[in-house]
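Asks: Listed here are the chains, written in short residue letters.
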Amino acid sequence: MKKLLTLVLCLAVLSTALFANGQQEAASGSDEIVIGALIRNTDEQFVADYADVLKKLAAEAGVTLKLQDSRGDMAAQLDQMNTLLVQGVKHFVVVANVTEATEDMAKAIHAKGGSAAFSNIQPSVEALKVSPNFFLASSPESVAGTFQAQIIDEYFKANPEKMANGDPDAIDAVFLYGQLGHPAQVYRTNAVKQGLIDAGYKLNVVAEDTANWKPSEAQAKMDAWISAYGGEFDLVIANNDGMALGAVESLITNGYLDDPNDPTADLDGDGLVLSIPVVGVDATQVAVKAMDEKKLLGTVLQDAVGQASTAFELAVMMATEGSAAGKSAYGIAPLTAPIDEAPANDAAVVGQCYLVPFKAVTMENYKEFMQ
Amino acid sequence: MSQQQDYILEMHNISKSFPGVKALDNVTLKVRPGTVHALMGENGAGKSTLMKCLFGMYKKDEGEILLKGEKVHFTSAKDALESGVSMIHQELSNVPDRFVMENLWLGREPMHRMGPLQLVDHKKMFNDTVELMKNLEMDIHPKSKMSEISISSQQGCEIAKAVSYNASVVVMDEPTSSLTEKEVEHLFKIINNLRDQGVAIIYISHKMSEIFEISDEISVMRDGQLVASKPASELDDDKLINLMVGRDMTHRFPPVDFNIGEETVLKVDQLTAANPRSFKDISFELKKGEILGIGGLVGAQRTELVEAIFGMRGVASGMIEVHGKHVNISSPREAIRHGIGLITEDRRGTGIFPLLSILDNTSIPSLDDYKKKSHLLNHKKIESDSVQVNKQLRTKTPTYKTPIQNLSGGNQQKVIVARWLMTSPDILIMDEPTRGIDVGAKYEIYLIMTELIKQGKSIIMVSSEMPELLGMASRVMVLCNGKKTGILSREEASQESIMRLAAQFS
Amino acid sequence: MDNTKTAGSNIPVKIKNFLSTHTSLVTFIAMLIFLGIITNGNALKLGSLQNLVVAEAVRAFGALGVGMIIITRGIDLSLGQVIGLSACVSASFAQTADYGSALYAGQEFAIWLPVIAGIAVGAAFGLFNGVLVAYGNLPPFIATLGSMSIATGLKLIYTRASTLGSLKNEYKIISQGFMGPIPYLLIYVVIAAIVIWVLMNHTKQGKSIYAIGGNAQAAKVSGINVKAQLMRVYLYAGILYGMAGVLMSARLGLANPLTGNNMELDAIAAVTVGGISHAGGVGTVGGMMIGLMTLGLINFGMTFLGVNSYYQLLVKGGIIILAVYMDMRKHARKE
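Protein chains in written order, with my numbering: chain A, 1 to 371; chain B, 1001 to 1506; chain C, 2001 to 2335.
No wet-lab data here; the hints were simulated from the structure. Note that beta-carbon positions come from the ideal geometry of N, C-alpha and C, so glycine has one too.
To be clear about the criterion: a stretch of chain C counts as covered by chain A if any three or more of its residues have a C-beta under 8 Å from a C-beta of chain A, and this derived list gives those stretches:
1. 2043 to 2049
2. 2253 to 2265
3. 2300 to 2310
Simulated pairs of lysine-lysine, BS3-like, Cα-Cα distance not exceeding 25 Å:
4. Lys2045/C - Lys2316/C
5. Lys2204/C - Lys1143/B
6. Lys112/A - Lys2168/C
7. Lys1380/B - Lys1391/B
8. Lys1145/B - Lys2014/C
9. Lys1143/B - Lys1123/B
10. Lys129/A - Lys2172/C
11. Lys2204/C - Lys1078/B
12. Lys112/A - Lys2045/C
13. Lys2220/C - Lys1145/B
14. Lys2204/C - Lys1145/B
15. Lys2204/C - Lys1123/B
16. Lys1145/B - Lys2016/C
17. Lys2172/C - Lys90/A
18. Lys2227/C - Lys1078/B
19. Lys2172/C - Lys112/A
20. Lys1052/B - Lys1207/B
21. Lys1371/B - Lys1401/B
22. Lys2168/C - Lys129/A
23. Lys1182/B - Lys1145/B
24. Lys1143/B - Lys1189/B
25. Lys2172/C - Lys107/A
26. Lys162/A - Lys294/A
27. Lys2204/C - Lys1124/B
28. Lys2220/C - Lys1059/B
Make the full structure from the sequences, and use the hints.
Replies: Put into structure tokens, the structure is as follows:
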């Protein structure tokens, strides 16, 4: 029996080699361009899209891509980076788990003479200061929150009477968070709150809790809040579209409609069939369709294609030319002057920052995003 | 050996009562050093209770215990062990995956100092063990794993442990119940060795041949009393059996009219258990309308036999025929399909579902019969059928939705009987059908049994209570040590004849 | 029994015996060699082995702790979250004072404070689990499920759901330093393993721990204070988790509420593969370490070969099930 165990363990290792699809040979080839991709967690839609774009680009360009998914585990990402570095991989595109880890990652890669372009989770200023060969190719999470704030601001400017619930002088909002402590949860939340305050609103948080990115949990949470605080809030803010749509479902079943008898009627002219507006992030196709049905006020598009292409082009440039200083990638030029957001707020590293524009998806423009 | 020696252990006038039962009645037992003192008696005669009082597991109501002339009062087995009184249990209590030497010195490992640390001195532990084994002439390596040595060696280790505590009294409760003949020989060698070193051994056993081979003195208990304490040389088989039985039958049983048919409903031929320590070559036939009693002492493998027939235990060879057809029963499911039901010995452990209602407890093996076309259960029919059977058996309960654990033992047993009647078995095996239920309820169970055979069903009844076998069975098959030692007709059966067969006399 | 054999009589039999008693070690070495061959030796370079050790070091502390607990027939689900909480607490006292987002911004702490604080957190949870299991008679699964949730909650509350980064360099060096080619982490693991090995094999307490797992009743009859010993095992495990937390935060240079998630599963899997029986009373420190390195090697090897991490999960799951299956078979045969 023990022999069987040994046998099966060996088979497991053998199968490893089969799964590997011969990728390991590539590393030893001399003229081949090898790019390492350290990806946070492909369970998230954006990151999964990003990884797909990378794979497509690599295949088209004939570049060997060594893609590693850390499944949300910072320690695993570090191990994966170390393994790739030992294999001789030098140039990386990185979707880090947390900003705070980027400096150490940059130092480790720099020690082997390599480079990296960071997307989605922005690197720290210190990470970019490690060497000019480290880049920001991203639209930072916080901007998503800022865009949410803008969408909300426009809505309440146009429909001030919608602030009547609860405190009539304040925006009374309920918040549906992603997994607590997740960078997207933290940055998006902080930015939307700050954005509303900066726009001059008094913000009153009626209720806030995590729904772990899940529509079902969001719907359950919302049902509970409606029975507890029904009529006391003006607005639902969700960290992603999935939860936003869960909240929409809850509002519909609880009768928060302009016309409870006709779920397609917009009686008050605010552009929504719901009596309470909901905003999300991600611009998933389901969400855009919900906007078409006037159930969702707005969402924010993170440009996976733009971020992945920019990062990829930077990495390839580093691999082939050894420098990317001052050059454009994916048609985006490096920043020339600091902006408000870290790390692009530090003049010393602005030349390493490639900001991929992204867009607020509003009632006016959502049709552009329908596929 | 000197009979004039002082007693090492004296138990004077020990009494112990449990609610409704006087388990020990003024028992006095005296044991000399350097002797093997056999303690005998039927199941339930009070031997174990007496020993439990000695070791402080039960609190005696009256009496006192003297060890080497001094009054002692043990509160636990550990306490007794440290005073030199040790018990070798029927179920071995060792740590299976550890070495022999670690088991021997568990909790009192020899230590030595290494720098700032107090560490276990494995070398001393090893050497002490070798020494100990040498003294006892046992060939057990200190670094053998406990689980990898034979049961007799494990018992040897228990004995060695007792010796290492300088035990002056060692109690052995049925030490040979799970041993092969060769292993018994080995054990006896160890015991003789121990006796030569001046240790007193209290040897509890049912097996008369062993008793006469090993013991110097014999005490016999019956119904909580010590009826005799004599040198072994003054006793023989007949005298011993008389001392052990010596009791009248009472009118505790309903009249049974056997109307035994010609048809053989169950035939067991040369059945041998997969476990080599269990039963061997058992053959018998069960006729329609019969109650076949199975008697024997603890360790006779009666339960193992009926559980094997019911498909709960592995069978190495042999054949079972039901209604003349050869059947292959490898699980209780199949046994039930062939019309066999088993009321297990351990009602709490394997009989009732304590928290479930009487309805659920009654219907659980027959739910297949109550599936509707939709595969949902027909609860109405389950309820009406269950209630009907339980009414028939006169189960007393506030409602049929009451959890079964709220009922008395007798009523629980009725529910279990009801359960098997629901599967309409032809053969009902009842393992200790009246264990742990009071006299009145016993009568009711007996009455149910007579009704069942009137309906043409056949019953196999395993029982440790002789009167029960004599009062209820049409024939009694006696097992001893996993072997059939005889089948007695109702006329032939008597306490004496059963006891002879049960203790391997034929 | 083995003294009856004449030494050196039959070499193939000896090899066979060695193979069957050291299956996990042999398997590990075979896998190592195999990986070396298919990667032309690249996977066995010094740098690779350093990575392997560094990657598994923190888990090793968790495995030692939970390994002891499993030997007593218990289980500890709180492992990952306690390590995470300890990492967060230690990180909060190790942030550079001038880091604006630091939890205690502007405050300078001595370098020993985060270490002590982290270990104290682990010890407190260990004691809590131990009291619940030993004196509260809670099933270990339930007791530690509860403390796991408590630790998760405290982690989120304490960190205010944010990442604690920018740790001092002299703190990070604890985990990131090298003595020549040898990572500090390896040294810690070796020391910890030796200490636990001595505890388990050369002290009264170790004997008691094995006895409790093998047959608690027999242990009690032998005069062992089962409750006190059980509680101590959980306490020791907690201290090990505390150390793991400190090393984790120093290694990552940060800690956040996600730190430690799912580590309990990895650690339990590792010791299980290493032959620690969930039926209690069986297992060695060497086994724990080999199990850990086996799973570590699988992780490392698959990453090295560029296997999609989803497949890694499949292989890992299969190996764990297989290991426990073998364990159960071994026990079934004995009965």
